[in-house]
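*Asks:* Letter by letter, the chains look like this.
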Amino acid sequence: MNNEIIYSVIAIGIGSIMLIMAVIAILNNKLSVAIIAAGVVSLFASVLFLLMSAPDVAMTEAAIGSGLSTLIFFYVLNKIKRQNA
Amino acid sequence: MLRNFLIALVLASFGFIFYNLYNSYEPQTELTGIAAHYAENGASEVGAANLVTAVVVSYRSFDTLGEITILFLTAAIISFFLKLSKEDEERVIIHRGTSELLKTASQLLIPLMFLFGIYVFINGHLTPGGGFQGGAIIASAVVLAIMANPNMTINHNVIIWVESISGVSVVLIGVLGIVLGGGFLDSTLDGYGLGEFGTIFSAGTIPIIYSLVGLKVGAELSNILNMYQKSQKEV
Amino acid sequence: METLELGKIGLLIGFLLVIVGFWGILQQKNIIKIIVSFTILNTGINLVMVALGYVKGHTAPIIDSSVSQLENHNVLNAIVDPVPQALVLTAIVIGFGVTALLLAYAMKLFKAKKSLEINDFNDLKW
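The listed protein sequences correspond, in order, to chains A, B and C.
Reading the first sequence from the start, the letters are residues 1 to 85 in my numbering.
Reading the second sequence from the start, the letters are residues 1 to 235 in my numbering.
Reading the third sequence from the start, the letters are residues 1 to 126 in my numbering.
Derived from the structure by calculation, the hints contain no laboratory data.
Built from N, CA and C at the ideal position, the CB exists for glycine as well.
Where hints are given, some of them may not hold.
[Stated by the list, open to error] Label-pair restraints from in silico Cβ distances: (1) 117(C) to 32(A): 16 to 22 Å; (2) 123(C) to 175(B): 45 to 51 Å; (3) 150(B) to 32(A): 18 to 24 Å; (4) 118(C) to 1(B): 25 to 31 Å.
[Stated by the list, open to error] Chain B regions said to be covered by chain A (calculated; three or more residues, Cβ under 8 Å): (5) 135-143; (6) 221-233.
Could you build all of it, start to finish, from the sequences and the hints given here?
*Replies:* Written out as structure tokens, the structure is:
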């Protein structure tokens, strides 16, 4: 029973970080900052999945959502910067 | 001005819908309906300890089949879009020198990452993990190799063969389910081969199907990432 | 302690992320920023689905020694709902595929017009 309350407090903290990062991702004008912020949202979402007893989903989200997605965003960003210069 | 007003209107209506959904949500205290059936009979009917795997590979394997088809289509369309011309193909990517640390560490880590990916999808029916996670881990190993040496070429034929053979094998095992079991993609094969619950050789064809799915997903994700890497050659 | 329930917190965060993602898609004019908002929307929807399957105080849907040694084998009171988790599992992989496809389109569009602002793509506008 006590564990549940601790988990809830952790979830509220993680959730507020996620929301702040999401707003940063949308309002910041630098594309690289926006991409990193979206990656952080995914990473903390995977922690939240783990707290909600979904380890399978947490593994997938950590590997694909925050790892590979962020990477292909940076490939595209690099290419666009190179073509702009 | 009008645009901002309309955006605010759309968001407010979404907020209204979500507020009502949130208010009417009552947390469940016990499993009911189809989830209760899966929870009570999953171990005896399918034999997989991880019930998520049981749902993904056995009870709702049509979903998984459609999903790997969608992933295949995505990889095909991306290859079509990012196809390079002949002279671009031979160009060398000019990059800042890769650090010694990354090169040495990648040589140590890549075999371990491959091994871990294979472990994750072979044990998909016992522990958290499975084909999708294992495939993603294998793709991460490929990405590390590409990052350590940006001009590395991955043999395209290997990826295509791994992908097609595992895709066809999944469907063939599904057809085997019609012959020996209760229907297409039935993993139990009429009670044979369920094995001892909780060991690695158990749960019928689930470990085989999930390993094939893992190889297919790993090959497809590696293909997508390799395409993006190659597109950097284009000026 | 009614509000401090993990399932409700997950649901609330998921809904808020969905709204933030929609706001980004509607308000931004840069194509890459729209795709970033799309990934946030995707994460929010996955969070909502997992939170709907959560049952208070229950463990992950894996029948191991800690679950099967319960008195009178009552699995129903021990694990959370496996079905939404299975759906989200496939949804994440498909989300990655869709994001990769969107980025490939964005690269093509940039090559055509040397710009990422959607206001510059007005060929079909009259």
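*Asks:* Look at each hint and say if it fits the structure.
*Replies:* Hints, one by one, checked against the model:
1. Look at residue 117(C) against residue 32(A): about 18 Å separates their beta carbons, and that is inside 16 to 22 Å.
2. A beta carbon spacing of about 48 Å between residue 123(C) and residue 175(B) agrees with the range 45 to 51 Å that was offered as a hint.
3. At about 19 Å, the beta-carbon gap between residue 150(B) and residue 32(A) stays in the expected band of 18 to 24 Å.
4. At roughly 19 Å, the beta carbons of residue 118(C) and residue 1(B) sit outside the given window of 25 to 31 Å.
5. Under a criterion of three residues with beta carbons nearer than 8 Å to beta carbons of chain A, the stated coverage of the region 135-143 of chain B is upheld, 5 such residues being counted.
6. Coverage of the region 221-233 of chain B by chain A holds. Counting CB-CB distances below 8 Å, 7 residues qualify, and the rule asks for three or more.
Checked against the numbered hints given earlier, the structure breaks only hint 4 and satisfies all the rest.
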